Every structure is written in C-alpha cells, then in structure tokens.
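Number of protein chains: 2
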Amino acid sequence: MKIDSARFLADLHELRSFGASGVGKGVMRPAFSEADIAARRWLAGRMEEAGLRVAMDAMGNLFGLAEAPSLLLGSHADSQPEGGWLDGALGVVAALEVARASREAGGPAVSVVAFQDEEGRFGITTGSDVWSGNLTQKAVDPLRDHAGVSLEEARRGLADMVTGPVALAQFSGYIELHIEQGPSLDAAGEQIGVVSDIVGIRDMQITFGGQQNHAGTTPMALRRDAFQGVAAFTTQLEDALRNIVTPQSVWTIGHLELHPNATSIVPGKARLTLQWRDGDTERLARMEAEIRQTAQAVAQERGLTLTFGEMRGLEPVAMDRRLREALEMAAEDVAPGKWRLMSSGALHDATNVARQLPVAMLFVPSINGISHDFAEDTDEADLVAGVEVLARAVTTLGA
Amino acid sequence: MKIDSARFLADLHELRSFGASGVGKGVMRPAFSEADIAARRWLAGRMEEAGLRVAMDAMGNLFGLAEAPSLLLGSHADSQPEGGWLDGALGVVAALEVARASREAGGPAVSVVAFQDEEGRFGITTGSDVWSGNLTQKAVDPLRDHAGVSLEEARRGLADMVTGPVALAQFSGYIELHIEQGPSLDAAGEQIGVVSDIVGIRDMQITFGGQQNHAGTTPMALRRDAFQGVAAFTTQLEDALRNIVTPQSVWTIGHLELHPNATSIVPGKARLTLQWRDGDTERLARMEAEIRQTAQAVAQERGLTLTFGEMRGLEPVAMDRRLREALEMAAEDVAPGKWRLMSSGALHDATNVARQLPVAMLFVPSINGISHDFAEDTDEADLVAGVEVLARAVTTLGA
Chain F
1 MKIDSARFLA
11 DLHELRSFGA
21 SGVGKGVMRP
31 AFSEADIAAR
41 RWLAGRMEEA
51 GLRVAMDAMG
61 NLFGLAEAPS
71 LLLGSHADSQ
81 PEGGWLDGAL
91 GVVAALEVAR
101 ASREAGGPAV
111 SVVAFQDEEG
121 RFGITTGSDV
131 WSGNLTQKAV
141 DPLRDHAGVS
151 LEEARRGLAD
161 MVTGPVALAQ
171 FSGYIELHIE
181 QGPSLDAAGE
191 QIGVVSDIVG
201 IRDMQITFGG
211 QQNHAGTTPM
221 ALRRDAFQGV
231 AAFTTQLEDA
241 LRNIVTPQSV
251 WTIGHLELHP
261 NATSIVPGKA
271 RLTLQWRDGD
281 TERLARMEAE
291 IRQTAQAVAQ
301 ERGLTLTFGE
311 MRGLEPVAMD
321 RRLREALEMA
331 AEDVAPGKWR
341 LMSSGALHDA
351 TNVARQLPVA
361 MLFVPSINGI
371 SHDFAEDTDE
381 ADLVAGVEVL
391 ARAVTTLGA
Chain H
1 MKIDSARFLA
11 DLHELRSFGA
21 SGVGKGVMRP
31 AFSEADIAAR
41 RWLAGRMEEA
51 GLRVAMDAMG
61 NLFGLAEAPS
71 LLLGSHADSQ
81 PEGGWLDGAL
91 GVVAALEVAR
101 ASREAGGPAV
111 SVVAFQDEEG
121 RFGITTGSDV
131 WSGNLTQKAV
141 DPLRDHAGVS
151 LEEARRGLAD
161 MVTGPVALAQ
171 FSGYIELHIE
181 QGPSLDAAGE
191 QIGVVSDIVG
201 IRDMQITFGG
211 QQNHAGTTPM
221 ALRRDAFQGV
231 AAFTTQLEDA
241 LRNIVTPQSV
251 WTIGHLELHP
261 NATSIVPGKA
271 RLTLQWRDGD
281 TERLARMEAE
291 IRQTAQAVAQ
301 ERGLTLTFGE
311 MRGLEPVAMD
321 RRLREALEMA
331 AEDVAPGKWR
341 LMSSGALHDA
351 TNVARQLPVA
361 MLFVPSINGI
371 SHDFAEDTDE
381 ADLVAGVEVL
391 ARAVTTLGA
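Residue numbers (the working numbering), protein chains in the order written: chain F, 1 to 399; chain H, 1 to 399.
No lab work stands behind these hints, which were simulated from the structure alone.
All figures in this text were calculated on a predicted structure; none of them were measured in a lab.
Do not rely on the hints blindly, as some may be mistaken.
Using 27 Å as the maximum straight-line C-alpha spacing, the simulated BS3-like pairs for lysine-lysine come out as follows [to be verified]:
(1) K269(H) <-> K269(F)
(2) K338(H) <-> K2(H)
(3) K338(F) <-> K2(F)
(4) K269(H) <-> K25(F)
(5) K25(H) <-> K269(F)
Among the chain F residues that face chain H by a calculated CB cut under 7 Å, a handful are [unchecked claim]:
(6) G216
(7) A285
(8) G398
(9) A399
Where is the CB? At the ideal position from N, CA and C, for every residue including glycine.
Chain F with its partners taken away, still in its complex shape:
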C-alpha cells in the first residue's frame, strides 16, 4: 500500500483545529466537550469517505469498520484540558490513513477506532476500559468531572451518533501508534520505538502522623514533625530503591498535603502519594517491600504514626509477540538503526484492549519529551515514519 503523507498530515492538522488553543499547536479537547463532539462528527465523515462503516457505542467510542475480520488500529481523540495536538490524535489519524491506503491498494482489512475519555475527564482510559469489558457503562455513568457533570449527562451530546455495541470478535488484533511522551527517543536521535511492554503501576497513599505544635514554643527535641518524617523517608527511599531497580524503573512523590500547612505550626500530619512503575511484577513487589520498610523505620525513629492507604495499580502488559515482531521488522525497514525496543512508561488504551485482543504499540519521538502541554510536538518526518511502519506491519500481518 502507498501512504499519502500529505493527506495524512492535512487530516492531522484539521483534527487539531477542533479545540485549537491558539497557543502554538496546543489543543483543548476534553472528552464530550463541544470540540470533542465536533471532532468525532468530522472523523465519522472521514471514515465514511474512506469506505468504512461508522459505528459508535454508548460510551462514545467511534469506530470506522472494515469487513470482518480486520485488524483494529487507533488511539483516542480526546485531549487533556490543556494538551498537545498529537497525544491520541496521531494514532487515530494514522489509523485512518492506513485503512484508507490499504483499501485503495486492495490490502488487508483495517478498522479504525477513536476511543473516548482516555485522558480522564471522568475516569482513566474510560472508553477502552468499558469497551474491553472491564467496567460496565452503568458503573461509569455516575462518575463526575471536576465541575460536577456526570458522564451520563455528558454523553448525551453524542447520543444521536450511537449505533450500539461494537463486537470485539471481529478484530484479529489492535495496534496503537502514539507519541512517546518521554525524552528517550528524542535524546537518542531515534525515530521509532517498538513497545515491549506497558509498565505496571503501583500507587499508594502514605500518611505520617506527628504532633501539631506551635512553631515558636516547641523545642526541637520534643517535636514529632510529620513533614520532617516525610523528608527523611523521601531521601532514604532514594538510596534504598537505587539498589533494586533498573534504569527503566521509576518512582514519584507527586502529591503531598501538609496539615495544617501553616507557616507557624509544626505539621501534625503529612499525606503523600507514592507511585512506582516497572515492567516486572516481581520488581514492583520488591519496590513495595522497600517502601514499607523505609517508611516504618523512619516512623519508628521519629515517634510518628504511619498509615498505608490501599494499594492500587495495574499489572504490566506484555505486547503480543507476533504483532510486535511485525512492527520490529517494519521499523528496521523504515528507520534502519534508528529504532529501539522499549517499555512504555505511560498507560494507554492498549492496556485495556490487551485483556481481550493481541495488542502492540509503537512510538515516535516527543521533542524534548514534552507532552500534556501546548508545546507538545514531533518532527513531521517522524510522524510520517510512524505511519509507514504501521502500514508495513499491516501488510506483513494481513487481516
């Protein structure tokens, strides 16, 4: 098949116009916003023009269906409240171009999906989570966004497009092209990342409790300062984890609340959320053990109470070997010596779809690793390289 890179880029820029922020190439197109609804109507038109049958489920996931059986390509079409033009959109428009080109060339049957609410207006990857059967529509309908709007209310804006459930059985596998959203490919001057696995995530609230006191009248020796405990825990953990992780492991304290968070009061409570990610379930568990031990040692040493919240998380997901190898071969053809096999540190719709179908993913570079930001961008040559790899893999795989 022959990719029309001009047509692909023109469509990608046209999708960007729905919710364009007016700042650089930035986009504001959260799930079910006016911009998102308009974008889905436009995408449905493009799918029809490509000879695909348009379908939408109650959740607002938009499909352009080829005759069954087909490969399913795509990603999500919603954006962060203030996001970039490629996060999700790239995979959807690339899928459209490959489906179109394959149809024109009499190639394998390719269907397209634009998942809904990947960016978490209501949940996290909600659209693919419901479609892959992990959650029911009824279970997610009461979810509310920050403004108090429920998912059930929000999805009325797309009600006229809903055709009903879209069966999984018609698809032989799912491939998602996405921007890396990290700095590795860009820093190495590489064009393509073929994903080996999507890392697992663990997420736990940890609360240190001390004694709230007057910051002037309480001698240091008599204090039980919850924040000093957090600081000690954080620095000790940095050392402790370095011994058991790989360069692919990450951990983050992104959220912290002190109580009462007042200049003149010794903090009586400090609650942080610690998140850690790794491709290996065993290592995730070893990291957890180290985290608990370090926190307990600090709490004991400083006379603090310690509470661990519920541990939440997602298991690591290995990519399907057959799909992945087709991507590797195509990457070596399109970008010889300028691609790598790599973990995905971010969560994607592919994580959910993997419960039901063979899945694979490929990445193109994010300039300076920037994403979820108006400044998110990728060289157009790299965008086209990504579509080319996708097209070659489809040709290899057939339907």
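Place chain H on chain F using the hints.
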C-alpha cells in the same frame, strides 16, 4: 496587697463565657466578633467597678486607667477562631485583679489593658502594634479577614466605646502574664517562667524549580524533581543547623506547596516557607547563612532553580532588667525552686510595647504544652501563683 483568688478565678471563668465553644473550656472570640464586643463591654464594667477610668482607642484596645503615673498590666482579650480560655484572657483578668487589690490596699497605681486583634484576624498583634506607634490606624484599616471584611468595617461594632488616643507617657512600664503555650514548664513540674527575652523570628519563602514531567515516561536520571530537592534540603538542613544552634533555637517548615501536586506528574515546582527563631540576632543570621548555603548546594547538585523570597521577621526583644528582676524575686518568694528564667518562643503584645516602654513577661505552665486549641488549660493553683507573682512584683516596683 491581698489577691482575692476566688474573685480572680470567677472573673476568668466569666470572661470564658463570652464565645464559649461548648467543647471543654474552649473559646471562639476573634477580634470584633459579637463575643469579643460583648466581652469588652463586660470588662469595661469590671474596670469601672474597680475604680479605673475606662478608655478605648480607635483600634479597640480597652484600658482601665489608674491615676498617672502607673504601671500597665494586661494582655489581649481576643482569641483564635477556635482557641483556649487562657491565651490573652489570663493576662487581662490577672491585671484587673492586681489593679483592684492594689487599689484596695492603697498600693501602687496599676492600669489595665486588653489589647485587640493579637491573634491576627486582620494582622498580627495589630492592636498593640498600632498603640505603640509602629503602624497607623489608617494603614491597618484596609486589612481584610479571610471572609473579606475590612478592619475598618469590623471596628464599627465598638465605635460607641471609643474615647480617643491613650497616651503612652502615663505608664512607667508594661508587664504581661501569659500562658507558656509550650511544654517546658509543665514537663519540668515548674509553676512560673520569668521571660528573659522574646525570640526573634525570621521567615522566608524558598522555591525550588525543576522540570514538570510525566511520572511514567521520564527516566529517573533525566528528572529534575522539585520535591526531591525539597526533601534533600530538609534533611541536609537538619544536620547543618544542629552544629550552630542552642536547645532554644527552633526552625520549622510548616508550609509547602507542590506544583502541580498530582500523583502522576513529577513536581516542577515546590515552594516552602521556612521559619526560624532564636533569642540572639547573631545566631539568627548564622542560621540564615546556613539555610542559603544548604539550599544552593542542593539546587546545584540537582539542576534545580532556586529563589529566595523576601526575608521577613522581628528582632529579638530583651526584657527590661529592673522589671524582670522584680519578677524573679517575686517568683522565688511564691514558688521557691519551681520557676525558671526562659525565652519566649512565641510573639506577644509585649514585643510591640517594648518599642516604647520597659516591658517584662511571666509565664505559667500550659498542660501538655497545648494552646490554640479548645483543650488549652492550666492548673488553677498555677494561675493563682502567676497572679501572686505579678502582685508582689508590682509592690516591689511601685508605680
């Protein structure tokens, strides 16, 4: 003179009834609240009954004046939004009792003051700050509380009581009895603290800037995590300061804001407020130098930007030697071997008054060091001991 401890305690409990929280002995009597206004009207009546001339300045500071020259005794009558029954109130009612008893015994002339807004509804120790001439009424009138009410609006509730400015020159000195608001006397089983100095305070915002990143896709080695910087700074500072401080020095990180403070995002910015207190100006400066050096070293090591905010603060205030020695002699008479000379770690109205008059302070214990809390309390025997010390010192000093 002869203190009437039953009358003193009865008045103290009656003052507690204005704004009583209904939880333990707790009080809710912020400056210019209905409870505060009612309390000032009641206090004015008690002053009159004691033969004092009632006066109030525009700021709402309430005076019961003896013939000039007189010693001025007192504290503040407002409370924290949710405070204790003794913080401020003790010093006012003790002053009333000593003025009354001295008058009855034909002793030295003693005037009484109940300062306004010590607890910071609008400013910090606003009443005594204006009375002592550091700020003008015009300058503080636009200050607003958390609900948006201005001081100018709030003080209308006391307008009918205002008699005009109250001259400083009529007073030979100021003595304030207060609860310790810290654990030292209670822990040592002592009854009286004679204050040697009120510590100086330094207060500085410190902002570490890093790179906001995706918590899944950014390798640890490429991160510039603002919170990891804060944690390293905090632990290194704990070690660094221990070498230059005394057991009376304190430092506190009570306030910290991460940005964007989201579980899945590497913090790009972290702003903390560091406060430190010591009785010695030199040591405060050495602590500042250590703080700046430690922060700079951490920022440099971790590739973070560093911004120091404006340094605010109050200088340490030494107590007047003559007044202090009168309190020491009286303490040894009333509580032989059960008193100490100590720094005040907390700010008091005496800090402001010291700009204009000789001042001294004495403390009684706070049970478990608790203050600014409904649970704040002191043994009645210790409250009475405090009044006795005050009365004896007044006798020694004369007017």
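A quick look at each hint next to the structure:
no., hint, verdict
1, K269(H) <-> K269(F), "holds (21 Å)"
2, K338(H) <-> K2(H), "holds (22 Å)"
3, K338(F) <-> K2(F), "holds (22 Å)"
4, K269(H) <-> K25(F), "holds (25 Å)"
5, K25(H) <-> K269(F), "holds (25 Å)"
6, G216, "holds (4 Å)"
7, A285, "violated (18 Å)"
8, G398, "violated (32 Å)"
9, A399, "violated (32 Å)"
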